[in-house]
Each structure stands twice: as C-alpha cells, then as structure tokens.
Amino acid sequence: DAGITQSPRHKVTETGTPVTLRCHQTENHRYMYWYRQDPGHGLRLIHYSYGVKDTDKGEVSDGYSVSRSKTEDFLLTLESATSSQTSVYFCAISALAGGPYEQFFGPGTRLTVL
Amino acid sequence: GENVEQHPSTLSVQEGDSAVIKCTYSDSASNYFPWYKQELGKRPQLIIDIRSNVGEKKDQRIAVTLNKTAKHFSLHITETQPEDSAVYFCAAISSGGYNKLIFGAGTRLAVHP
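Residue numbers (our numbering), protein chains in the order written: chain P, 7 to 120; chain C, -16 to 96.
Note that these hints are calculated values from the structure, not bench results. Keep in mind that the hints are not guaranteed to be accurate.
Only pairs whose alpha carbons sit at most 27 Å apart, straight line, appear in this in silico DSSO-like list of lysine-lysine [to be verified]:
(1) K51(C) to K25(C)
(2) K17(P) to K40(C)
(3) K5(C) to K40(C)
(4) K25(C) to K41(C)
(5) K51(C) to K40(C)
(6) K54(C) to K5(C)
(7) K40(C) to K20(C)
(8) K25(C) to K63(P)
(9) K63(P) to K20(C)
(10) K54(C) to K20(C)
(11) K76(P) to K59(P)
(12) K51(C) to K17(P)
Sample of chain P residues facing chain C (criterion: CB under 7 Å; computed from the structure) [to be verified]:
(13) L49
(14) Y70
(15) F111
(16) G114
Just so we're clear, the structure is a prediction, and the values are computed from it rather than from any experiment. We put the beta carbon where it would ideally sit given N, CA and C, even for glycine.
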C-alpha cells in the first residue's frame, strides 16, 4: 500500500460537535482528496487539494471544510456534525497532473454521528 | 454534470464462470478509466486501468475494454474464484483537471464455490 494513513480509524461523536479527520502521506504526492462512501453511492468527492494551501470543493462539500498546511497532511473538518455525515471517509493521493493519474487510497475512517 | 453509471449493482456467479461489469460515462473528454476492487472493510485498490488511446487491456484473468464512441467501458473477469468476491468500482477521470475521478456506484460480485 502507498504510504497513506488516516486517523482516527473509528470515531463516534454526537450531533453538533466538531470533528477533524487527518490524512497523512509519505509519498510527497501533490494531489490529495477526501471522499465519503455510502451504500448505493460509491465514492463521492468532498474536497480536494492541488498543493499546500490550495484546495477546492467537490460534489458533496456542504458541511465540510479542509486545510492543507503541509504537503503531507490534509485535514477534513466537520464544523458541526450531523447524523447525515455518518459515513466511511477515505483519503486518496495522486502524483502528477497529466498522468500518471492513479489514485491510492488510505485505510478509511468510520465515523458515526449519534 | 459529469456522471458514471455502473451495472449491474449485484452479480452472482459460480466459481469458474466469467463476470462482466459495464459502465457508461458522460464526459466525452475523459481519457482515463480505472477499476477498483474493495474487499469488505478494506480500502479500494486499483486492479486495472485503461487510457483512451487503447481499446483493450489484459492482466491475467482480468481485462477491460473501452468504446469511446459509445462512451462505455467494461470489466471482464474470467475463471472467477471465491477470492474475486468484492465490490468493484469503475471511474472516469474528470476533464476538469486535478486528476479528479468520478466513480460509479459499485457492483457487488459474489462468487459461489
């Protein structure tokens, strides 16, 4: 597996609390992504980053924010968690614009919002 | 917006049979199409990919075909084995850049001994 870790791996929290998930890579890849995975929806892009301090929204960004202060770390924050944000969250990395395009995934974080 | 449709959502085969999963995409400028396999509780893993300059690619028991005119691509698994049981996702790269992928909803493949 590519050098990608996610923390925490499991989290249970209550509605209205802030939550931050961390993605850490040791590959020095430029692009990083946050996805959520829900039954019947595949993998949906929340936010992505194309460099330090450079981020943009994906298709399901409402209720989420991100930050990337170092190449190796990409943080996903739920400012005020809701039950609809219960999901499995995957981080992914990709190396270069224009190819190779491969994305490699982290092990995932299972988040439950009660 | 960009979209990838994947069929079937579930597929059940006997060991040794072939399995075919089909995807269609909407962005005619897309030029990279990966397939991922996800075992229960694990991360998605890239198993094969194809670029738009080729029509078919094989790797042992798996193959992918691409029809750019019709905007569809397929995954073929021959001589299926129980360890092929997993969820398979197709994807197409977004023409919007940044190596963004648009994923299909997934196919749950069950291979019965």
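Going through the hints against the structure:
{"no.": "1", "hint": "K51(C) to K25(C)", "in the structure": "violated, 31 Å"}
{"no.": "2", "hint": "K17(P) to K40(C)", "in the structure": "violated, 40 Å"}
{"no.": "3", "hint": "K5(C) to K40(C)", "in the structure": "holds, 15 Å"}
{"no.": "4", "hint": "K25(C) to K41(C)", "in the structure": "holds, 24 Å"}
{"no.": "5", "hint": "K51(C) to K40(C)", "in the structure": "holds, 14 Å"}
{"no.": "6", "hint": "K54(C) to K5(C)", "in the structure": "holds, 11 Å"}
{"no.": "7", "hint": "K40(C) to K20(C)", "in the structure": "holds, 17 Å"}
{"no.": "8", "hint": "K25(C) to K63(P)", "in the structure": "holds, 26 Å"}
{"no.": "9", "hint": "K63(P) to K20(C)", "in the structure": "holds, 26 Å"}
{"no.": "10", "hint": "K54(C) to K20(C)", "in the structure": "holds, 22 Å"}
{"no.": "11", "hint": "K76(P) to K59(P)", "in the structure": "holds, 8 Å"}
{"no.": "12", "hint": "K51(C) to K17(P)", "in the structure": "violated, 43 Å"}
{"no.": "13", "hint": "L49", "in the structure": "holds, 4 Å"}
{"no.": "14", "hint": "Y70", "in the structure": "violated, 16 Å"}
{"no.": "15", "hint": "F111", "in the structure": "holds, 4 Å"}
{"no.": "16", "hint": "G114", "in the structure": "holds, 6 Å"}
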